[in-house]
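Student: From first to last, the protein sequence lines stand for chains A and B.
Residue 125 is where the first sequence starts when you use this note's numbering, and the numbers rise one by one after that.
Residue 125 is where the second sequence starts when you use this note's numbering, and the numbers rise one by one after that.
No lab work stands behind these hints, which were simulated from the structure alone.
A hint or two may mislead.
Residues from chain B that keep clear of chain A, each with C-beta distances beyond 10 Å, as calculated [claimed, not checked]:
| no. | residue |
| --- | --- |
| 1 | Asp171 |
| 2 | Glu217 |
| 3 | Gly226 |
| 4 | Ala249 |
| 5 | Gly253 |
| 6 | Ile255 |
| 7 | Lys277 |
| 8 | Thr293 |
| 9 | Asn301 |
| 10 | Asp343 |
| 11 | Arg462 |
| 12 | His468 |
| 13 | Leu472 |
| 14 | Lys523 |
| 15 | Glu567 |
Simulated pairs of lysine to any residue, SDA-like, Cα-Cα distance not exceeding 20 Å [as the list claims (entries may be wrong)]:
| no. | chain 1 | residue 1 | chain 2 | residue 2 |
| --- | --- | --- | --- | --- |
| 16 | A | Lys290 | B | Asp561 |
| 17 | A | Lys562 | A | Leu172 |
| 18 | B | Lys562 | A | Ser328 |
| 19 | B | Lys234 | A | Glu183 |
| 20 | A | Lys237 | B | Gln224 |
| 21 | A | Lys562 | B | Asp548 |
| 22 | A | Lys368 | B | Arg196 |
| 23 | B | Lys237 | A | Glu183 |
| 24 | A | Lys199 | B | Pro235 |
| 25 | B | Lys270 | B | Val260 |
| 26 | A | Lys199 | B | Tyr236 |
Just so it is clear, CB atoms sit at the ideal spot from N, CA and C, and this is done for glycine as well.
What follows is the residue order along each chain.
Number of protein chains: 2
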Amino acid sequence: MNRFLKYGLSLGIAAVTFSALGNDTIMVTEQQRKNAQTLIDDAISSDLAYSIVESLTTEVGARMAGSEAEARARKWGVDLGNELGFDRVSVEEFNMPFWQRGELSVSLTKPYKQHLHGTALGGGAASKGSIDADVVYFRSIEDLKKVSKGELKGKVAFVDGDILVKSQTGAGYGQANQRRRIGWQHAERAQAQALLVRSVGSDSHRFPHTGMMSSKEGDWASIPVIALSNPDADQIRRLHRLGKPLEVNLTSGAKWQGDVQSGNVILDLIGSERPEEIVLIGGHLDSWDLGTGAVDDGAGVSITTAAAALIAQLPKRPKRTIRVVMFGAEEVGLLGARAYAKRHENELDNHVLATESDFGAGSIWQLNSNVSEQATLLIDEIGHVLSPLGIVRGKSDVKGGGPDIIPLDEKGVPTIRLSQNGMDYFDLHHTPDDTLDKIRPDELAQNVAAYAAAIYLVADSDVEFRKK
Amino acid sequence: MNRFLKYGLSLGIAAVTFSALGNDTIMVTEQQRKNAQTLIDDAISSDLAYSIVESLTTEVGARMAGSEAEARARKWGVDLGNELGFDRVSVEEFNMPFWQRGELSVSLTKPYKQHLHGTALGGGAASKGSIDADVVYFRSIEDLKKVSKGELKGKVAFVDGDILVKSQTGAGYGQANQRRRIGWQHAERAQAQALLVRSVGSDSHRFPHTGMMSSKEGDWASIPVIALSNPDADQIRRLHRLGKPLEVNLTSGAKWQGDVQSGNVILDLIGSERPEEIVLIGGHLDSWDLGTGAVDDGAGVSITTAAAALIAQLPKRPKRTIRVVMFGAEEVGLLGARAYAKRHENELDNHVLATESDFGAGSIWQLNSNVSEQATLLIDEIGHVLSPLGIVRGKSDVKGGGPDIIPLDEKGVPTIRLSQNGMDYFDLHHTPDDTLDKIRPDELAQNVAAYAAAIYLVADSDVEFRKK
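If we strip away everything but chain A, and leave its shape as in the complex, we get (with noise of 0.2 Å):
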């Protein structure tokens, strides 16, 4: 297929660029390099990460934690484990809270009538009845943060900021998300009705961002917070500068209901050597409501799935044991990751490396890594082979390996990360637009590319990924 060509054309240049190196320390044997090469070129010319996603997308659709659907969804991972040829298919369960959405009605009533489009934030309240109140415009959540107790009494607050700067890396969405994360604590201590925040995303389209907020030590919002797209903030802001009073009427009917199952599905493919050592990557499995999480997660589930599937039609499995885990319960704070690491503390030793592909379905451009002095060399060696890919190797220093990998860094196991390129990332995210159509069939085939060479020459090496 031509869209493939380039990938094609650029490893036989690549090839000849590698030979030429002359690395003192090789820790990649030909034969080792010879199959990830394979991996690489099944991987690109394969459909298989294309079509996991749109089956994903399509058949289940929407897969909120928790719900009725992401409990499909888990049906349909284990059934794809077990066509794919995985070794060993399992499914981890777990409690959780649920909180639902419910409808939501949001409206400028002065200076006239419009309607705003905006969604509830993950944990937020039901609004009482009905409310009709004056907003107070906060510029920023810096603003929001100064004000007094019961200050707001009977407003609603609005807090600004600004889209979402577009990076490679995703700079500065934790910065921005302040205001989604903790701006109803201190619109709640000034005892505002609800809490209005600009979305948090780098696009200018009528869509609002969802996305959880943070308990206070276990407490959620007991007013109602909901985010309005960038256009309507921007109209908000231009009101506001003309002087004109606004008002806004709003129903929410979120909240929080009794626990409810998740879990985790995991698909193993045992090591032919050391089956207990075991090398994690994954995605998870849940994702908001308001779109059919495509990109945010299923390109996640689909690209490490099908990576090692891939692994799996080699003539012989890799040493060690490669453990594709589709978590549960990410968006709504991780839980499915800490279910895992829960459950699984007294093996962590022997989870010899974690990753996780959860920014997108965008191309790799970066390898960094997190790993013993040892394993840095072996990750170079990757880097090598990665490279005609379009991956430059990064830093040896960079901790991390996604977010459901979070619990397992704290633990100490070892991470990498394959970056992809997250420029358009925020435009989709939490979004009811994150659908199949925005995934192009090339980068995530080249996604699938990159974990599985990756993968396979971490499984299949001998070397200790743990610093002493």
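Take the given structure of chain A and dock chain B to it, following the hints.
Tutor: Relative to chain A, chain B alone:
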């Protein structure tokens, strides 16, 4: 300002190019050419048009034909005309029937529950209660046309199609639009309970595109007709291909209400020599209710009003009257345009030329005309004046001056067309996403420059535009 630098540079170059032409028929005097250049320079360095569309979208907002908001827009237009120094400002009101969207809910219920992003099409009816029905899939409007009477009794029809091809000219819209315009007539004949159609749009965002349906000999649809976003239509297509039986639930509160008032706002610069001769430009003041009508057609209103306002700054009025019409109720069937043509039917012989800006806010790239032989030579010269703005002289036999010009065209009023780049127009067209942030101030200013220079030269000429 930096963003205008490119125009400034190319203007300098063009002045040289033009003086070397040695055209035989000089229809533009040196003073007129100088004035036209002044208008271009002023327009490029002015933010007047942007400030007009910012004000309209921010301070009036969405303005559905016949609504209270459209009436506020007329008042806004009158105030603007007076503020900008037009010689005569008037409103010509007319009555019209009012169609209201009401509340809509549409979801897949089989093979699983998924909210669909849909919107009622204009002229559609309410559902009788809540509809739960099997979906019958049609690949195209041609397939739907083949249904026999009663064949869809109790069902809901879905008419697929394709994502609109992006083009500079908007080619393909009319053809694709058949499913929106007349699909209901076939669905109704086959006794379907409702009709779903793939939106007519070139985007892959989760926005449905609304728009008016055609009446059939004055009758409107008696069933709900709902446009779905392209990603939702993609999903239905994929599920259909998998052989999954589909069911939907939908309720729609759309309805026709009694007669209401709309109107055209008319701003005149009265001609200094032949005030009875009218050069008509304009845009439409109403918008669909989903967005705030920035590109459709706040842009056209702002471009043509700003162009005339710049001409008003010249030391002397042009010979002929320049009339800016802000048409009412365009979206629901050119009602303002028809009211204008009827009310002024005895003066149409005095309408020298008419053209409308109603294709978004992209740069103008082509100048077409359909005028007398002599006037064609003038338009050719105007083409040379506009060329530094990146505008090519197109053809002299292209009919049409914009939707609201159709009734005038039918009565023999000559037309020209300053064609905008519509490559992205149908991404936004009739969606909630038609908001101010989509307009580039530099592109808007280029439009104003072209309109100001062209219309000034037409209005200050003695040329007869009517064909014999």
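Student: Would you check the hint for Lys234/B and Glu183/A, treating anything up to 20 Å between C-alpha atoms as holding?
Tutor: Holds: Lys234/B and Glu183/A sit about 11 Å apart, inside 20 Å.
Student: Is it true that the CA of Lys290/A sits at most 20 Å from the CA of Asp561/B?
Tutor: Holds, at roughly 16 Å.
Student: Could you let me know if the closest chain A CB is still more than 10 Å away from the CB of Thr293/B?
Tutor: Holds, because the least Cβ-Cβ distance between Thr293/B and chain A comes to about 25 Å, which exceeds 10 Å.
Student: If I take the minimum Cβ distance from His468/B to any residue of chain A, is it greater than 10 Å?
Tutor: holds, 32 Å
Student: What's the verdict on Lys237/B and Glu183/A, does the C-alpha distance respect the 20 Å limit or exceed it?
Tutor: holds, 11 Å
Student: Does Arg196/B sit within 20 Å of Lys368/A, going by the straight-line distance between their CA atoms?
Tutor: holds, 16 Å
Student: Is the Cα-Cα distance between Lys562/A and Asp548/B 20 Å or less?
Tutor: Distance ~17 Å between Lys562/A and Asp548/B Cα, so the pair holds.
Student: Taking C-beta pairs only, is Lys277/B more than 10 Å away from all of chain A?
Tutor: The assertion about Lys277/B holds, with a minimum of 29 Å to chain A.
Student: For the pair supplied as a hint, Lys562/B and Ser328/A, is the alpha-carbon distance within the 20 Å limit?
Tutor: Holds. Lys562/B to Ser328/A sits at ~8 Å (cutoff 20 Å).
Student: Beyond 10 Å on every Cβ pair: is that true for Arg462/B relative to chain A?
Tutor: Consistent with the label, Arg462/B stays out of reach of chain A, its closest Cβ about 28 Å off (over 10 Å).
Student: Is the Cα-Cα distance between Lys237/A and Gln224/B 20 Å or less?
Tutor: Holds, at about 15 Å.
Student: With the threshold set at 20 Å, check whether the alpha-carbon distance from Lys562/A to Leu172/A stays at or below it.
Tutor: holds, 17 Å
Hint violations for this structure: none, all hints satisfied.
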